[in-house]
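Number of protein chains: 4
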Amino acid sequence: MRKMKILLAAFDPFGGAAVNPALEAVKQVQNTIENCPVAKVEIPTVFHRSIKVLREKIEELQPDIILVAGQAGGRAQISVERLGINIDDARIPDNQGNQPVDEKIVPGGPEAYFSNLPIKAMAASIRREGVPAEVSNTAGTFVCNHILYGLLHHIETEKLQARGGFIHVPFIPAQVTNKPGQPSMAPGDITKALEAALRAAVRYQEDIRSEEGSLH
Amino acid sequence: MRKMKILLAAFDPFGGAAVNPALEAVKQVQNTIENCPVAKVEIPTVFHRSIKVLREKIEELQPDIILVAGQAGGRAQISVERLGINIDDARIPDNQGNQPVDEKIVPGGPEAYFSNLPIKAMAASIRREGVPAEVSNTAGTFVCNHILYGLLHHIETEKLQARGGFIHVPFIPAQVTNKPGQPSMAPGDITKALEAALRAAVRYQEDIRSEEGSLH
Amino acid sequence: MRKMKILLAAFDPFGGAAVNPALEAVKQVQNTIENCPVAKVEIPTVFHRSIKVLREKIEELQPDIILVAGQAGGRAQISVERLGINIDDARIPDNQGNQPVDEKIVPGGPEAYFSNLPIKAMAASIRREGVPAEVSNTAGTFVCNHILYGLLHHIETEKLQARGGFIHVPFIPAQVTNKPGQPSMAPGDITKALEAALRAAVRYQEDIRSEEGSLH
Amino acid sequence: MRKMKILLAAFDPFGGAAVNPALEAVKQVQNTIENCPVAKVEIPTVFHRSIKVLREKIEELQPDIILVAGQAGGRAQISVERLGINIDDARIPDNQGNQPVDEKIVPGGPEAYFSNLPIKAMAASIRREGVPAEVSNTAGTFVCNHILYGLLHHIETEKLQARGGFIHVPFIPAQVTNKPGQPSMAPGDITKALEAALRAAVRYQEDIRSEEGSLH
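Protein sequence lines, in the order shown, are assigned to chains A, B, C and D.
Numbering-wise (the working numbering), the first sequence opens with residue 3 and increments by one.
Numbering-wise (the working numbering), the second sequence opens with residue 3 and increments by one.
Numbering-wise (the working numbering), the third sequence opens with residue 3 and increments by one.
Numbering-wise (the working numbering), the fourth sequence opens with residue 3 and increments by one.
Isolated chain A (complex conformation) (with noise of 0.2 Å):
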């Protein structure tokens, strides 16, 4: 077999934050997982031109698997998202001061994209390395969202043979020191975290039977 080549992506700071978690783990990753090499790419919190600049990098690089990370501040689990759905609606401005409220990624675009990466076998991988983590069925309406939905769309329109996926990580204890009642993860568990995802996703090409959905 072939071996594979990975793309892993992180945001930069948003939201008036220093520092986003997800970034400073991204850094940390090995950059071989299962003999397979890790390209990283930092990209900008902004409304389409984040999606510009991770199309840029899948074509120069031409990667098999690209994992995009994010932060979601109050969730106390790393979660695996599902999908990506066509749809802007930011409750704070990007980066470059966008504000989108309910315009559609892809005009004309389906409604929504599905991973092609194996939520579930990510999930429990990471878990077997003692960090919660669970699959997520939204991820939100904010860029995390749009790059998901836009490299699904970049990855079905361009005809790859590469998956994606969308992984949301939760704040760092030096962000909530002034957050009473806020979880949050050490660094170390978010980098091995994406690393046991990667692994897995290296592993397999086809999902597990695992019953995990959400009641609601």
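These aren't lab readings, by the way, just hints derived from the structure by calculation.
Among the hints, a few may not be true.
What the hints assert, rightly or not - Simulated pairs of lysine to aspartate or glutamate, DMTMM-like, Cα-Cα distance not exceeding 25 Å:
| hint | chain 1 | residue 1 | chain 2 | residue 2 |
| --- | --- | --- | --- | --- |
| 1 | B | Lys194 | C | Glu26 |
| 2 | D | Lys194 | A | Glu26 |
| 3 | B | Lys106 | A | Glu26 |
| 4 | D | Lys106 | D | Glu160 |
| 5 | C | Lys161 | D | Glu113 |
| 6 | D | Lys29 | A | Glu213 |
| 7 | B | Lys181 | C | Asp209 |
Fit chains B, C and D to the given chain A structure using the hints.
Same frame as chain A, now just chains B, C and D:
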């Protein structure tokens, strides 16, 4: 303008519960909203059979607005769902013992449908009554999402003029007296919310602009 | 048996809020509970002055049962407080701008007083009405704890036969329409809870045994 | 100034858990903090016996600072406890099957003792390490509160010069991989927090002023 007809549906109790607060609230909703007659139907918490029962009622009554209500235990607010996705992923069995895992609702169907009801106008209308409400970007992967997807697929494939959507409601107080820490909402407020949502659905053909997307 | 007299008190609004749900609920409580007359008093959300106002009312009315109600925004259930502690530690100023930090309420006074009302019987009585309730082991360190400690200190030092306690109530729905995710409780249920608590206070001289302590 | 001696204690696992994260963290704490030797002791999660074991160790070592650590599953932050109260109220049995309900720890003893360690300086010291921490006003009514009350009662009745306190720590990540939604904290951060707390305990004879009380 011709008078609209409304069909309001709710699930029967599930997961071992004695009542379904959504169903109890639906029973108390006024029989006329903004001069439009409101018909009501109870649907079984069963994959596929729920869609069949709802579809038959739609064919019989030819409603212009179809709103389904279901329970979202653990949520503190009314949530107006934005979309249904093409997946069944059940954490528990339905009322007939079916527990599909990662199965398409409609094989070959689109990945998702967005509700064509004015979801933000509905949430705002509910809040004006003093009842907390929000737009939700996931109806889960159990029968609530199933019926929403199935309803919107029926409207699309039958080329109906109707508009359809789904509202999730919290536990009622009596359900949480033995569930420490769980939020709840009074049955009267749930009824008031459904009426307010239907009023907005009658009045607004197009949704309002409101910055209340989700960061994740 | 001589008929008991009840004094029911609640704070005025604080922290910039327009209403205090505890006060609104108190106003709706029946004027007779188990044949016992219920007097009501509004007390200022002000350190020390609140105790003075309550003490004057106690001297005037000579009640057998004194119950104070206050708001605990963010809690999902009615909580019957177990004790008041001898500390003022204010995160925000009171209604007259006082903000004591780590000051004794009564210098030289005992560290704490346990309520001598039947707190578990009260919580159980509330739950029997279908309203969620629990015993709480902290009333915080703001004016709610202050009045509870002050009330019990007054009973002790004046050697009154009276019994006293405190109940925290959630936000009402109208307060959380702009606070996404916050739980709330209908005003009618809060009133029902206060009445149920007072019924238990009249009926039970000694508390019931109920395994509902807190692990932490 | 004479060199202080520190005694650091933690409970063994309870409630069916395989590990107690507080105990694991204690084992990793440095053996010298600010030039003060740190002795460690594991205490049984058993009412009364826990106090006996701790008291014997205190008599043997004559420490100046005694800090006990326990698990508070569900909390997202380190919490430095303000006080212990004179009540045992167990929701579950301890490790020897005892389940006292509303019993005094010390019949005739004071209702509560406030920790005489500098709790706010300790919380601030922990936060400076980038680990979230807060002052808590309840240690519950199980063995954690029991040992804190018992420790402070021992110091008071034996007229020791020692200072004593208690710190609650969150679940560690490996404990919550099957508890969706529960927050956790990395073992290394818990260890870091305990060391930071002890540093503050050595340095501060009097607590700092910090506006971080609880509204309720």
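Now the hints, each set against the structure:
1. B/Lys194 x C/Glu26: Holds, at roughly 21 Å.
2. D/Lys194 x A/Glu26: Roughly 21 Å separates the two Cα atoms, so the pair holds.
3. B/Lys106 x A/Glu26: 37 Å, violated
4. D/Lys106 x D/Glu160: 20 Å, holds
5. C/Lys161 x D/Glu113: Satisfied, since the Cα-Cα distance of roughly 18 Å is no more than 25 Å.
6. D/Lys29 x A/Glu213: It is violated: about 38 Å lies between the C-alpha atoms, which goes past 25 Å.
7. B/Lys181 x C/Asp209: At roughly 22 Å apart (the allowed maximum being 25 Å), C/Asp209 and B/Lys181 satisfy the hint.
Violated hints, listed in ascending order, are 3 and 6; each of the other numbered hints is respected by the structure.
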